[in-house]
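For the protein sequence lines, the chains are A and B, in the order given. Each residue of the first sequence is one higher than the one before, counting from 2 in our numbering. Each residue of the second sequence is one higher than the one before, counting from 372 in our numbering.
Since the hints were derived computationally from the structure, they do not count as laboratory data. Any given hint could be a false lead.
Claimed, not checked - Anything over 12 Å on all C-beta distances counts as not near chain B; from chain A, calculated: (1) Glu42; (2) Asn46; (3) Gln86; (4) Ala110; (5) Arg120; (6) Leu184; (7) Ala260; (8) Lys278; (9) Thr305; (10) Leu328; (11) Asp367; (12) Gln415; (13) Thr452.
What the hints assert, rightly or not - Result set (DSSO-like, lysine-lysine): computed pairs, CA atoms no more than 30 Å apart in a straight line: (14) B:Lys420 <-> B:Lys896; (15) B:Lys1215 <-> A:Lys467; (16) B:Lys966 <-> B:Lys1068; (17) B:Lys1215 <-> A:Lys462; (18) B:Lys1222 <-> A:Lys467; (19) B:Lys1118 <-> B:Lys1068; (20) B:Lys398 <-> B:Lys429.
To be verified - Computed Cβ-Cβ distance ranges for the label pairs, DEER-style: (21) B:Pro928 <-> A:Asp257: 43 to 51 Å; (22) B:Gly1159 <-> A:Ile131: 42 to 50 Å; (23) B:Ser796 <-> A:Thr340: 17 to 25 Å; (24) A:Phe133 <-> B:Leu756: 55 to 63 Å.
Just so we're clear, the structure is a prediction, and the values are computed from it rather than from any experiment. Just so it is clear, CB atoms sit at the ideal spot from N, CA and C, and this is done for glycine as well.
The residues making up each chain are set out below.
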Amino acid sequence: MKITFAIFTLLSVLLTGCRKDFLEVIPVTERTVGNFYKTPEDFNNAVVGTYATLKHPGLYGNGTGSLIWLGETVTDNTDYGSTRQPVNISSFEIEDFNFSLSNSYFSSAWVGHYAGIARANAILDRINSIEFDATLKSQYEAEAHFLRSMFYFNLVRLFGNVPLVRIEINNPNGASNLSRNPLAEVYALIESDLKIAEAKLPDVISAANAGRASKWTAKALLGKVYLTLKQFDKSALKLKEIIDVNRFSLMPNYADVFAASTSFANNKEVLIAVQYKSGQIGQGSSLYSSWLPFNVNVPEFGITGGLGGGINRPTADLVSAYENGDLRKAASVATSYKTAQGSTVNERYAIKFRQTGVIPNDSDVDFPIFRYADVILMYAEALHENGNLTEALRYLNMVRRRAFGFSITAALPQQSDLSGLNAAAFRLAMEKERRLEFAFESHRWFDLVRTGRLLEVMTAKGYPIKPHHVLYPVPQRELELNPGLGQNAGY
Amino acid sequence: MSCYPVFRTFVLFSFLVVVSANVIAQKTLSGKVTGEARQALAGVTITEKGTANAAVSKDDGSFSIRLTSSSPILVLTNVGFAPREVAVGNQNEISITLTEESQQLNDVVVVGYGTRTKKELTGAISSVSGKDIQQVPVSGLDQALQGKVSGLQISSTSGAPGGNTNILIRGIGSISGGNEPLFVIDGFPVANAGVGNPLNTINPNDIESIDVLKDASATAIYGSRGSNGVIIITTRRGKAGKARLELDAYSGVQQVAKKIEMMNAAEYAQFVVDGRNNGYLDNVPNGRITDPGSLRPASYRIPAELQDPTALGEGTDWQDAIFRNAPISNYQLSASGGSENFKYALSGGYFHQQGIILNTNLKRYSFRANLDGKVSERLSVGASLAPSYITQKNLPVAEHYGSFGIIQSALSMAPNIPVYRADGSYGSLIPTPEGYTNIQNPVKIANEYKNPLAQFRMLANAYAEYSIIPSLKFRTTVGADVNYYKTQIWIPSTLSASAPVGLASASASQTENINWLTENTLTYKRSVKQHTFDLLGGFTAQKAINDGISAGAANFPDNLVENINGGTVNSGSQNIQEYTILSWLSRVNYSFNDKYLFTGTLRRDGSSRFGANNRWGTFPSASVGWRISEEPFMKSIPFVSDLKIRASYGLTGNNNIGNYRAIGQLSDANYVIGDALTPGLVRSSFSNDQLGWESMKQMDFGIDLSLLNYRVSFTADYYEKRNTDMLFVISVPGATGLTSAVVNLGKVQNRGVELAVTTRNLVGDFKWNTNFNITFNRNKVLAMSTEGEKIFGSTGGRGNTHVTQVGYPVGVFYGRRQLGIFQTAKEVTDYANAAGTILQPFAKAGDVKWKDVDGNGVINDNDREVLGSPHPDYFFGFSNTFSYRNISLDITANGMVGHQIYDATFMINNSGVQNNTKYVYDNRFISPERPGDGRYGRSIRGGRNSNTIYSSQYLFDGSYLRIRTVTLNYTLSNSLSQKILMQGLRLYATATNPFTFTKFNGYDPEVSNSGDNILASRVDFGSYPNARSFIMGVNLSF
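Given these sequences and hints, build the entire structure.
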């Protein structure tokens, strides 16, 4: 019997006791922070993950993110075409200028941009301690700087002073006592990030890298930063570099800029866009289907299944702003549709990102963040503010010529050309041109705030806007977690 | 009631028969055996101790036995009665009274890693005999346990076959770590894994007893898994003696216990017309009620088919279309028996329950073999093998109708639509610009949506026990719980959100869950004079691996192949989760003079789940008991049969913190680069090396009192529990790059009183026994990460309806407080704050008036407050057994009192799209002259006042008293059954849920969409109601 006992004991020990690592269980189907950031591939994955922040619901999401609401729906460009219900009160709050501090469009924008910043910081903190190919390393580092600056530029425009986080925070309490840095400090970081980015980012982006930033993307962003800071000299110089490199141009046909059929190589206008892809791989956009008339799907829309979401519905004011002959109107908005039974329903909706033959929320069309038309119009604006009205008009008219289907390069004045404007009229013309050129591209609110015109324009059209609406409120959740942040004036 | 005493006596008896030696005198003794009420007891086995002499009492209780020893001692045994030894002395005639066993202190109670008798217990443990739960025709034993045990709160949150139950022992101790108790089946702590409810895999008929361990003294031996309480399930094992073959079969029918009275088609149409007109006037400044549809925005047009309400008549009752009379049946064949050296219990069962909603069911095939053998005087071995196979047809019953929820669809669907059109196709609503919505025909969903589940589970374990010396035993157990389950979902293209054409989709998942365990214990029992010791020491190791693979497909060209193979597989994943636990355990039981009792336990648990710097936890407990009735001074109080007071204190833990939570992880953040899907990775959680178990300290004071020769037994406990270091997902500032982190913090308290009373009111030929238990628990959150932190709870996508915050119970209802309905425009303008600001500027007569909680002149999210509690003030169970000769009647009832239910079913249905109840139609506001009941406002679609915002309007008293079962038994008398060559025959009929007394106006006050989500409990959002059933059964033994 002693033998039996010995066997039992032995068995027990064999099964359990002698394995020291019995309690060390590492995930086998999940990746852990501990074994990441070791190889060039890891860093590439981390950089791609940072780009993916653009699809965070607090940025562009799949076409319904915070920047759509806070950049477009809040303005006179669009509204929300759904039926008012308790579940969508927070969406109507935006167009009503009746913001709740807890509205998730604000918290999501705050959280999303900082998530991107943390992702960039994690790369920058570690990349120098790992040895690998210098070219790749410099590209990844520059991309992290570029993305971080873009996220901060959005944050500072949406919320004003924001806390500056330059390194990855690994302690959950690590941001609980941060205070908001002055605008100048935030812009200083943005500028220094972009200077590194423009120096180190690739000159040319191959088709295989479509979606990544080039040094020209960084320069465009830097041009916009300077324009926002009213440093018009610097802005003009930076933007002129992009024009002079002669690599970008306006697509002859406006609608082609947004067409799914336009390949990356053929699209000379886009400097960077949020990349979408159909095929039910989690990368499609709802830029078209969610923006169709609320709760409707008819054959004319050409989407398989699903119902329209009524998001980003053009206002009558926007539709009537297009001049006769402006080809952008037909490429941007529709004002009626036919039911399956053939009767016509009058309802406005955006078709700029139209793509038929796909299923809802799964279209390919990319969403441009920077395109050449913006570079040209910003350049024109900077020139004008510097007193060079003639050159400014020439560039403004380039965009108009394309819009009306005229030759961009012709020396002679074209029918669409504007002339003889004084400074005030130029500014209004520029305001209108940007509104129509970039309708639905989430520029409107930022443009009107930049030029100081938001209150005036919106008040004139009867919106209940207040002076403090040139900034959004610091989200309730952030204030609760860090009362030291303080709220923006007026909220 | 336990069979162990019988078994033990049998062993003793057999042993004595073998060693009987001296034969000196001979005489014949006659006598009579009676029960406590002097009724004759037949079939009592009477043996002379130490001899082979035996007799059986006749129907009048009389017997006659030949005695051969010098000072003979009689041993009397009878099923259901306590064995008794009686010295004969010089008597020639003897009268002996037997006491019913259930009242006895020698009942064996299963505790962790051992057993104790009831009288030795110092902890709070309640026992339920297997036969008490087998009368309830349900799939899982947890449903049958409802109302049987004090301190054990069970809610059948879904009436689906195999549906979920929410089980709480002594309240909610964890906010996010799970509150389900640990289940231990034949010594094996099983993981909660599988499809549906894991307890469905156990056949209730195989259960010998269930012991519910409640206080820390009882549960601390389970260390880091003990704080939610422990439920120990012991299955039947073979007994030496005559082989027994038993057949149990029942069959019956179930039905929905209550229907909700809905608007008919004419009323519905009128409701829609009113809703759209009101919405139009509200939203369009110059609109007039006479404006035709062509002038109105789509949402406010009146659909052509509803423009003449009175022409529509009754229409369709969609509830009749989805509910059915559903059969339920159960068959079990079992065999048991064996010799002293080898005992067996085998059983096979088949259970089939169809759901009361079309196309839902559960089938279970189960088998069990429990074998015990004696290799030598010192070594015994045994094994249990219990495979079971379950198949289930599930449907999305309790969902929003947008996710194909069948009940919601049936209640919301327009009654002017027929179930089938004249051409045989399904009647349906097609979303149109008029703003219909995508409510599907619920019959079509039930017929076309497919969600089959299947699960194979085998619990297997083997033990060997070796007596090193008679008082020192070593026992080793090796076991495994092997669990495979799979689910499939098929949604054909015909079930699209936008009929008629949609996209078919399918998904499938398969999971392998293997949980293995080895336990090694040493026990030492010794009595020295008045000192009795019972020592336990042990070492255990457990490892669980859950490996799941799932895939989804789309792009189906047709609906011919109803699984992922019919389309293009476009998603797939594998998820492997492992955890390990190593433990040392020990226990000391000491008693002095059988009067003063002490139990101390200590367990050390290490687990892979805990952070690297906090890997081991120590869990001690101590308890004392004093059997006052054994003191000499108590002997003078004859009506006190037994009196014991107990006290315990201990520390236990909850390790349900999830796997890998301490390890910082990455998650996918894929993107498109170069027009191709490109993997991206980002940090998704913080690392926390300190992350550990949730701790719970519990104090318990108890008293056990039996009076009048055990006619009245009474147990009461007061407990106080404090859970600390809870698993807490705290919100962190967005500037960290993440929004949450997992830490241990917070404090929750539960205090309560449990009472259980068992009385034997009548003990004669007509017997009447009563069991009653009641529990009062008070739950309170004492600390969270910050004083003002609120964790919101939400169920079924209903938004934030509950809150967990300091000073209140976990998960109380939280929202706007409805003050009434504005009756006139003046009431709206009068509702202003001190500064004259109108609080609800968009409101009109007929709209809901809310309280301005913060008093700032604006009604918004800051005007929410605690509205009520989903937790009962008390809950109780009550059962009565009446028997007369061969007939007995059992009635069990249970109830909960003082809680509220959020009835979300109709919350969205005031907008002129969906149907609503007749009550709302009759009691809504129409005009100041027809103000309704003051709770329901006017019918309005898209109203500017947003009347359907969650508020106290949707909370209802959820108190109920439910007659759970009424069972009538007829048992054939021994002599008769033996004539037809049987050991026994019992016929029974049971009605389940025949009556429910409640003011709640939904189907069932018990069900909830929340399942086990304690942060948002008691939400009725189209939940699957529990069935009322009637069954007939027979139990035959040969």
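Hints versus structure:
no., hint, in the structure
1, Glu42, "violated (9 Å)"
2, Asn46, "violated (4 Å)"
3, Gln86, "violated (7 Å)"
4, Ala110, "violated (9 Å)"
5, Arg120, "violated (5 Å)"
6, Leu184, "holds (17 Å)"
7, Ala260, "holds (14 Å)"
8, Lys278, "violated (5 Å)"
9, Thr305, "violated (6 Å)"
10, Leu328, "holds (27 Å)"
11, Asp367, "violated (8 Å)"
12, Gln415, "holds (35 Å)"
13, Thr452, "holds (29 Å)"
14, B:Lys420 <-> B:Lys896, "holds (26 Å)"
15, B:Lys1215 <-> A:Lys467, "holds (27 Å)"
16, B:Lys966 <-> B:Lys1068, "holds (27 Å)"
17, B:Lys1215 <-> A:Lys462, "holds (27 Å)"
18, B:Lys1222 <-> A:Lys467, "holds (27 Å)"
19, B:Lys1118 <-> B:Lys1068, "holds (11 Å)"
20, B:Lys398 <-> B:Lys429, "holds (20 Å)"
21, B:Pro928 <-> A:Asp257: 43 to 51 Å, "violated (33 Å)"
22, B:Gly1159 <-> A:Ile131: 42 to 50 Å, "holds (44 Å)"
23, B:Ser796 <-> A:Thr340: 17 to 25 Å, "holds (21 Å)"
24, A:Phe133 <-> B:Leu756: 55 to 63 Å, "holds (56 Å)"
The structure shown violates the earlier hints numbered 1, 2, 3, 4, 5, 8, 9, 11, 21.
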